[in-house]
Amino acid sequence: MSHRQLQPFVLLAGLLLATSVFACPNCSTAQAVRATVLGEGFWSHLVMVAVPFLLLGALSAGLYRIGLAPREGRQR
Amino acid sequence: MKGESRHQGAVISAGVLLGTGLGGFLDGIVLHQLLQWHNMLSSRLPPTDLVAMKVNMFWDGLFHAFTWLVTVGGLALLWRAGRRPEVPWSTRTFVGSLSLGWGAFNVVEGLIDHQWLGLHHVHPGAGQLAWDVGFLLFGALLVVVGWALIRAGSKHPRSRGAPVRPTARERLATGRT
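Chains as they are written, first to last, in my numbering: chain A, -15 to 60; chain B, 40 to 216.
To be clear, the hints were calculated from the coordinates, so they are not data collected in a lab.
You may find that some hints are simply not true.
Incomplete in silico selection of chain A near chain B, CB under 7 angstroms [said to hold, decoys possible]:
1) 15
2) 18
3) 33
4) 36
5) 37
6) 39
7) 42
8) 52
9) 54
Below, computed lysine to any residue pairings styled on SDA-like, alpha-carbon distance capped at 25 angstroms [as the list claims (entries may be wrong)]:
10) B:93 - A:48
11) B:93 - A:8
12) B:93 - B:160
13) B:194 - A:48
Even glycine gets a Cβ: it sits at the ideal position worked out from N, Cα and C.
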């Protein structure tokens, strides 16, 4: 791989590193956010966010059967 | 193609997932980010300080992650449906199922998150209930329109690979000119 091909990857790695450095994962704000998100209510909030998508996934799975040939009569 | 089974459900299920995903992205991008009317947990944890805003941002991100997964699922199903000859490739069916998915998302999200759990409201403050009801009614309208389009699509099923315009023989057979 030539230097020219490596340049975008070096740029991306630099940007990612800069992002993580400036994100300051151990600052007091970040710690408070982490404690609030992962604290009491995390699982209930996760379920609340996921439930509409699970219901619509189930609806989509049910609608998949429309027009499907009966199992015993199916021909390939 | 006559006499073959026509598996309309393959396109419908793909369209419903894609409609759900696109509707979710519209909600997230327009209502959460551009207009900033609400966030995922804004009724329980109002974003009045930096920590509360960042916590809401996390749950908005998770909402978008689920939306992305549903969209990818819809794309995969659509790709799979497109490779199968017994699936009628009807624009009405597809657009109808997109509308159905978007509307069902609004109805389910409106009933569960807005009305039942009270996680957030469409536009909190004065007239909050009116906005929530409007959101639900818009969703119900999309469901009705989507279902009507799907039914219209089922009347003229056309398998994938069949010509888009009817051939002269088909026009003669059906009496259309």
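For each hint, the structure was consulted:
no.	hint	verdict
1	15	10 angstroms, violated
2	18	9 angstroms, violated
3	33	6 angstroms, holds
4	36	5 angstroms, holds
5	37	5 angstroms, holds
6	39	5 angstroms, holds
7	42	11 angstroms, violated
8	52	6 angstroms, holds
9	54	9 angstroms, violated
10	B:93 - A:48	39 angstroms, violated
11	B:93 - A:8	13 angstroms, holds
12	B:93 - B:160	19 angstroms, holds
13	B:194 - A:48	18 angstroms, holds
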